[in-house]
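All chains, please: the whole structure from these sequences, using the hints.
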Amino acid sequence: MSAVLFFIAAIGAVSGAIGVVMLRNQFYSVLALVFHLISLAALFLLLRAEFVAAAQVIVYAGAVMVLYVFVVAYVGGGEETATRSSLRILGPLLAIAIAIELCIAMLGTALKGISGKGAPYVPGFGTPEHIGRLFLTKYLFPFEVASLLLLVAAIGAIVLARRRRGLEPDAELEARYHPPRPAWTGTMAEGGGMTHYDEPPGQPEGEPVGSHR
Amino acid sequence: MAIGWYLVVSAMIFAIGAAGVLVRRSPLVILLCLELMLNAANLALVAFSRMWGGEDGQVFALIVMVVAACEVTVGLGLIVAMYRRSLPIDVDDLRELQG
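Listed in order, the protein sequences are those of chains R and P.
In this text, residue positions in the first sequence follow this note's numbering: the first is 1, and each later residue adds one.
In this text, residue positions in the second sequence follow this note's numbering: the first is 1, and each later residue adds one.
In case anyone wonders, no lab produced these hints; they're calculated from the structure.
Glycine included, each C-beta is placed from N, C-alpha and C at the ideal position.
Be aware that one or more of the hints could be misleading.
[Claimed, not checked] Listed next, the in silico SDA-like pairs over lysine to any residue satisfying Cα-Cα at most 20 Å (straight line): (1) 117/R to 66/P; (2) 112/R to 5/P; (3) 117/R to 53/P; (4) 138/R to 148/R; (5) 138/R to 127/R; (6) 112/R to 8/P; (7) 112/R to 102/R; (8) 117/R to 2/P; (9) 117/R to 96/P; (10) 138/R to 60/P.
[Said to hold, decoys possible] Far from chain R by the CB rule (all over 10 Å, computed), these chain P residues: (11) 71; (12) 94; (13) 97.
What follows is the structure in structure tokens.
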């Protein structure tokens, strides 16, 4: 059962990764990455990392991917043309070389645990309780540094993506705060004679000038 | 399943991500491929954590996820800034720093 689940999740993860690279439409690339992340969360569950799997689905496949979708929609992701350089042939070759080399490097080590199923399972392994205890005792400093890093990244993103309009007066905003009004509609400045119009006030029995908006 | 299988899957995902960074031209998809590589590293970390029976690898994987979220935020901010200045969203055309 575990083997069947592993192969389903592994095929899903690898095909999702291939889809991210091969699909021309950027929206489909993002959706393929969501599929890849959810398959990867299944692999994490098989490795008994419950909290990491939950965080993967909620934070990654939920929040980060929504950010991607928003930016693709904002920028207007269209079809991109293939690169013209020689990387188009060299890239996949290099990737195959890296994959083979990594497999040799990791499987060729003398680690005995690689061919086994892992350490014996202790109850509570990978639960939020254990992870949280580690974060607040042994790894308190990395935890705080991570929170600081998130803060800096949030501020940096705001600074990078804001509108650089500067301090020049905005005509539209000015008109909204000081709407133009017709003359002699009874302000104190007019009553005190501090504003001077070209023509004196007309006959009082005429129609009121700009009595309502 | 043996731990080695997970490591093989991790190596494949990492290689696919590296190929994507080299082949694709849009910076958005390059960021997605960076995510692929970070996730491959996460899978290897969690697999080793299972192998040793300690949770330290999982803590490391969570920190990697935080760093990936920061990278995404700043990268997407850069892409939005490029779009606002009506620069081409294409790494082959953005070669001002090449000298």
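| field | Violations among the numbered hints, reported as their numbers in ascending order | value | 1, 9 and 11
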